[in-house]
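Protein chains in written order, with numbering that gives the first Met the number 0: chain E, 0 to 239; chain V, 0 to 264.
Derived by calculation from the structure, the hints in this document are not laboratory data.
There's no promise every hint is true.
[What the hints assert, rightly or not] Facing chain V, a subset of chain E residues (Cβ under 8 Å, in silico):
#1 Glu170
#2 Ser208
#3 Gly209
[Unchecked claim] Every beta carbon over 10 Å from chain E, so not counted as near; a handful from chain V, in silico:
#4 Gly39
#5 Asn246
#6 Ala247
Ideal placement from N, C-alpha and C gives every residue a C-beta, glycine not left out.
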Amino acid sequence: MRTPTQILCTASFVLASACGDDAPGLGAVNVTVYGEEFIEDGIPAEEMGDGWAVTFTRFAVTIDEVTVAGVRAANVAPIDLAVGTSGAGHPVATLDVPSGTHSGSGYILSRAEVAGTANKDGVTKTFDWVFDQKTVYTACETSTDVPDGGDGNFEITVHGDHFFFDSLVSEEPQVLFQALADADQDGDGVIARSELEGAGLGAYDPGSSGDIDNLWAYLVAQSSNLGHVDGEGHCEPSAE
Amino acid sequence: MAELRTIYILGATALLTSSACGDPVEAPRVELPVIVDSSGVVPVTTDLGYSVEVTEARVAISDLVFTVAGEADVASLWRRLSDALVPRAWAHPGHFSGGEVTGELRGDFLVDWGTGNNPELGRATLIAGTYTAANFIFDRGSSGSLDASDVLVGRTAVFSGTAQKDGQTFNFTIVVESPEGRVLIGVPFEASVGEAAAGTLRLRLETQDPFESDTLFDGLDFASLDGDGDGQVRVEPGSAEVEDAYNAFRREFQTHDYYTVRHEE
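Can you build the whole structure from these sequences, using the hints too?
Printed below as a string of structure tokens:
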């Protein structure tokens with residue numbers, strides 16, 4: 000049974016909505032995920048600090064719980080970012096949201112399967128790694144404009160070159176591959192996880208915590224830095 | 000310049016508090032001197048069995064800040080102010096992971112933990128709160144404040160001392176060059192700083208991790224580093240013979256395991 004106050008409040012809300020004064024309209028947000036040219040086309044030697052060139056044959060990411068304007072998308076199957084899109088990115092979801100400018104978006108990068116080759120001076124190294132720890136990206140540093148009755152865009156941008164940063168904390172790290180190549184202890188051309196687990200960090204800077212002591216742990220930590228939004232926008236990452 | 004910045008921040012704190020609440024209320028804050036505390040520089044025995052004594056431990060740092068955990072209202076207020084003044088470091092995990100910055104001692108400092116003199120670095124300004132950590136930047140020594148021949152010019156730290164094992168003594172010097180702007184995050188600083196807090200904040204270098212048994216010199220095999228057998232060991236950047244040892248020491252040096260800040264009333 001409704002009280003008179005509830006009835007009046009409901010009537011006021013309906014009137015306000017009908018007049019269009021305060022009620023927001025509706026629009027849609029097209030969510031995509033994009034690995035940029037570095038993942039789709041590879042990282043050329045001139046972009047690396049030590050002359051290695053890296054090509055990804057597979058860079059499959061599992062993106063979950065994309066949330067824009069408080070609306071959460073249904074989870075989707077893994078998407079291989081190494082498949083070219085000519086800059087368009089891969090579609091993830093379309094969300095119906097209130098029109099307006101939205102911030103505070105986020106998502107979870109649940110898994111990344113990363114395979115590829117690196118070449119330098121006739122030497123080829125291959126890698127095929129799986130990173131299955133979840134990284135939750137929140138408070139992403141972007142705003143998504145959604146016009147009334149129109150579409151906005153929200154791009155999850157994955158930076159594949161971060162795997163090759165020589166520091167977990169520097170603002171201007173070098174992009175290197177030599178240490179990973181050197182981890183191929185048996186010389187079979189395949190950089191295995193077990194070899195990385197047995198490889199020291201060399202000159203790499205793992206940050207202030209002191210709990211990373213091999214190259215595999217370093218790559219795992221670095222994998223939590225891959226996710227961005229709308230190109231270079233940062234989010235606040237945390238382990239789930 | 001740093002003092003002006005602090006004054007500006009605190010003035011803005013009062014202004015924002017006033018604007019938000021209607022009444023002019025200034026956020027409680029306190030000034031405490033920061034002391035270089037060398038009591039943590041003690042003889043240690045490393046994992047390789049060397050007895051190490053440090054006679055020199057000089058480190059160039061800048062911008063010591065103090066953080067509280069969580070998203071307390073006053074912390075959020077401080078962040079709004081800080082964001083307005085300095086772009087927030089969003090780049091990677093680790094930055095400001097210890098919490099919100101609500102205290103600071105800005106400036107460039109040459110911290111000498113080897114003398115035992117315990118000089119004052121300066122007076123930090125803190126908003127009253129429960130603190131959990133401190134951060135600072137590993138800097139480079141400047142010829143403006145050091146003799147031009149000082150090994151610390153352009154470098155971050157220099158450690159000297161002796162390492163003894165099996166009747167052998169090695170006199171060592173280790174020179175560290177941290178990456179430009181390298182921030183040390185999460186130095187333990189557990190203290191409840193009230194509005195009426197007094198005493199000092201004591202910035203310590205700990206040659207032995209106070210929470211674990213590791214030492215700052217673990218992994219250094221001084222005998223193998225003494226290539227010519229003269230008992231003199233020098234570890235510094237750019238020397239291929241000692242590259243692994245240098246990298247290992249620099250990593251340890253740049254972790255928060257070997258530093259603490261304590262509030263002593």
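Hint-by-hint comparison with the structure:
The restraint placing Glu170 of chain E at the interface with chain V holds, with a minimum CB-CB distance near 6 Å, inside the 8 Å limit. Nearest Cβ of chain V to the Cβ of Ser208 of chain E: about 7 Å, under the 8 Å cut. The hint holds. Of the supplied interface hints, the one on Gly209 of chain E holds, with its beta-carbon coming within about 3 Å of a beta-carbon of chain V, less than 8 Å. Against chain E, the non-interface label of Gly39 of chain V holds: every CB pair exceeds 10 Å, the least being about 17 Å.
Its beta-carbon lying about 5 Å from the closest one in chain E, Asn246 of chain V breaks the requirement of being farther than 10 Å from that chain. Against the 10 Å criterion, Ala247 of chain V falls within the reach of chain E, whose nearest CB is about 8 Å from its own CB.
The structure does not agree with the numbered hints 5, 6 stated previously, though it agrees with the rest.
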